[in-house]
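K.L.:
Here are the chains, one letter per residue:
Protein chains: 2
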Amino acid sequence: MLNGTFTVGYQGVPGAYSYLAMNQYFAGCEIEPRHFTSFDDVAEAVRQGSIQYGVLPIENSSTGGITTVYDLIRHNHINIVGEKIVKVEHCLLVYPGAVLEDIKEVYSHPQGLAQCHEFFKAHPEMKECPYTNTAKAAQLVAEKKDRSLAAIAGAQAAEPYGLEVLMRGIQSNKSNYTRFVIISRQAEIPPEANKITLVVSLPHKPGSLYHVLSHFEQNGINMTNIESRPIPGRPWEYFFHMDITGHLNDEAVQDALAGLKQEDARYKLLGNYVADDTARE
Amino acid sequence: MLNGTFTVGYQGVPGAYSYLAMNQYFAGCEIEPRHFTSFDDVAEAVRQGSIQYGVLPIENSSTGGITTVYDLIRHNHINIVGEKIVKVEHCLLVYPGAVLEDIKEVYSHPQGLAQCHEFFKAHPEMKECPYTNTAKAAQLVAEKKDRSLAAIAGAQAAEPYGLEVLMRGIQSNKSNYTRFVIISRQAEIPPEANKITLVVSLPHKPGSLYHVLSHFEQNGINMTNIESRPIPGRPWEYFFHMDITGHLNDEAVQDALAGLKQEDARYKLLGNYVADDTARE
Chain H
22 MLNGTFTVGY QGVPGAYSYL AMNQYFAGCE IEPRHFTSFD DVAEAVRQGS IQYGVLPIEN
82 SSTGGITTVY DLIRHNHINI VGEKIVKVEH CLLVYPGAVL EDIKEVYSHP QGLAQCHEFF
142 KAHPEMKECP YTNTAKAAQL VAEKKDRSLA AIAGAQAAEP YGLEVLMRGI QSNKSNYTRF
202 VIISRQAEIP PEANKITLVV SLPHKPGSLY HVLSHFEQNG INMTNIESRP IPGRPWEYFF
262 HMDITGHLND EAVQDALAGL KQEDARYKLL GNYVADDTAR E
Chain L
22 MLNGTFTVGY QGVPGAYSYL AMNQYFAGCE IEPRHFTSFD DVAEAVRQGS IQYGVLPIEN
82 SSTGGITTVY DLIRHNHINI VGEKIVKVEH CLLVYPGAVL EDIKEVYSHP QGLAQCHEFF
142 KAHPEMKECP YTNTAKAAQL VAEKKDRSLA AIAGAQAAEP YGLEVLMRGI QSNKSNYTRF
202 VIISRQAEIP PEANKITLVV SLPHKPGSLY HVLSHFEQNG INMTNIESRP IPGRPWEYFF
262 HMDITGHLND EAVQDALAGL KQEDARYKLL GNYVADDTAR E
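First to last, the sequence lines map onto chains H and L. The opening position of the first sequence corresponds to residue 22 in my numbering, with each subsequent residue numbered one higher. The opening position of the second sequence corresponds to residue 22 in my numbering, with each subsequent residue numbered one higher.
So that you can see chain H by itself, here it is in the shape it has in the complex (with noise of 0.2 Å):
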């Protein structure tokens, strides 16, 4: 879909989810990936121009929105130009030739630890080793080169550091997804973008969520997605993510938008993209 190289930044090492994220959503693209050590420096970068596009995970299945992201993109005034789903399917990961049976030390971050909690109930022989992220994990495994250890991470981290996939699907919750944002400086909107992603702040009043959606509704318009987050500093007042079907040029979006207005609801637009359609099962 994309022509050209460009420079995309991601949070973590080469072989995080993000990474993975990254190299689906530019398949078939030249891209030149810069990683960095925080969601805050991914935006940056991408607000200053020092790269193009940047990869950031805004919704996982398991744990919700990640409110800090939508922060982000609307702080430093920059755009969702696409989105892509991926499973979190943990591996075990280890040194060439170890079996099973070598395996005595497990590395991960801790969250990748116990989300295989079944796993480690039915290897009580191996110790939970916590680690900062699940790529890095992999990488200290390849470095320490011991058959006795290994890591947990996605299957994306055996290469970059030539270890290997013992076991796959390790994870004791079968269908979790995270999904990312790209995110770019200059907005991009195509002509088959299908799905609009808002910031809305409604005015402290019973009934103005039921308002705001009557607007939605008398144009046909469908939401995908709505969470509501407080305002900090201002206690129980509320702004809301919105996902909804469309595109902005379409006369159904348009008077819907602008019917907001009338509330007296405030919404900035961040994004209008294509939806990745991966069905999650």
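Everything labelled a hint here was simulated from the structure, so no lab data went into it. Quantities reported herein were computed from a predicted structural model and do not represent experimental measurements. Take these hints with a grain of salt, some might be off.
Computed list of chain H residues with no C-beta within reach of chain L, every gap over 10 Å [to be verified]:
id: 1; residue: Ile-52
id: 2; residue: Gln-69
id: 3; residue: His-98
id: 4; residue: Gly-118
id: 5; residue: Ala-119
id: 6; residue: Glu-126
id: 7; residue: Lys-165
id: 8; residue: Pro-181
id: 9; residue: Ala-214
id: 10; residue: Phe-261
id: 11; residue: Asp-271
id: 12; residue: Gln-275
id: 13; residue: Tyr-288
Straight line, CA to CA, 25 Å or less: simulated PhoX-like cross-link-like pairs of lysine-lysine [what the hints assert, rightly or not]:
id: 14; chain 1: L; residue 1: Lys-166; chain 2: L; residue 2: Lys-125
id: 15; chain 1: L; residue 1: Lys-195; chain 2: H; residue 2: Lys-148
id: 16; chain 1: H; residue 1: Lys-166; chain 2: L; residue 2: Lys-148
For the chain L half of the interface with chain H, some residues (derived, Cβ under 7 Å), not all of them [claimed, not checked]:
id: 17; residue: Pro-227
id: 18; residue: Asn-246
id: 19; residue: Ile-247
id: 20; residue: Glu-248
We put the beta carbon where it would ideally sit given N, CA and C, even for glycine.
Once you have looked at the hints, place chain L on chain H.
P.N.:
Here is chain L on its own, set in the frame of chain H:
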């Protein structure tokens, strides 16, 4: 507000933020705390009746709603009977007598380390050491009895392990709150209950959320929180977590809930309890 001695379960170890929420909620009561390694284990113990109450985090102001906890409550048919909002305020905890210049290694959960990004920028001489969780990091420093080590954890982790708070509020985001719910096998609805938590699933057609909200609007009921979540195994269908104001004995609440049935919406009541009106700054 409660009398007697209760067994109360939480996830983590003494000094965790869940432990703080438990102590704050049950202040003035005799409680017998029990710690568990996972959210699932807390919910299971409540369901079986081996503990009377459980304390679980359900929403964080920077990362959003914790879907797995909503799911645990729903699937185990247990009830929310209260809530407690706790400020996440990370401190630098040290072995007694240590000063800032002594510190070489700082242990915490990777998220705790990341949340103190600015602190580490100002102290490049300190090594960030990932650990299982914040309270266990405090336990480690206490066990090692080494003045060159520190932990990042809440102030509540100092006392149980005999550590000192060397610096307070070192997290970059000064306004980070976690909302905990108190769960019980038995429904408990005091007369002063003023908040209701529901899970609502809607027929998949445009405008169905709007029609559901119309019943709250018509009955003058305020919605203080809403979050949509995909339904696993049914791609692109959503259910909603909602908090509304009121008591189940209110006629307005009863009328609104009857209205949901008219819209083919199914709902499950998770609890009706007293809102924690801690002002979030």
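K.L.:
Does each hint hold? Answer for all of them.
P.N.:
Here is what the structure says about each hint:
1. Ile-52: For Ile-52(H), whose nearest Cβ neighbour in chain L is about 26 Å away, the distance exceeds 10 Å, so it holds.
2. Gln-69: 18 Å, holds
3. His-98: Correct as stated: the minimum Cβ-Cβ distance to chain L is 20 Å, above 10 Å.
4. Gly-118: 28 Å, holds
5. Ala-119: Holds: least Cβ distance 23 Å, greater than 10 Å.
6. Glu-126: 14 Å, holds
7. Lys-165: 16 Å, holds
8. Pro-181: 20 Å, holds
9. Ala-214: 18 Å, holds
10. Phe-261: 8 Å, violated
11. Asp-271: Fine: 14 Å to the nearest Cβ keeps Asp-271(H) off the interface.
12. Gln-275: 18 Å, holds
13. Tyr-288: 17 Å, holds
14. Lys-166(L) <-> Lys-125(L): Distance ~14 Å between Lys-166(L) and Lys-125(L) Cα, so the pair holds.
15. Lys-195(L) <-> Lys-148(H): 35 Å, violated
16. Lys-166(H) <-> Lys-148(L): The given pair, whose Cα atoms are some 24 Å apart, holds under the 25 Å limit.
17. Pro-227: The hint holds - Pro-227(L) has a Cβ within 7 Å of chain H, the shortest such distance being about 5 Å.
18. Asn-246: 5 Å, holds
19. Ile-247: 5 Å, holds
20. Glu-248: Result: holds, 5 Å to nearest chain H Cβ.
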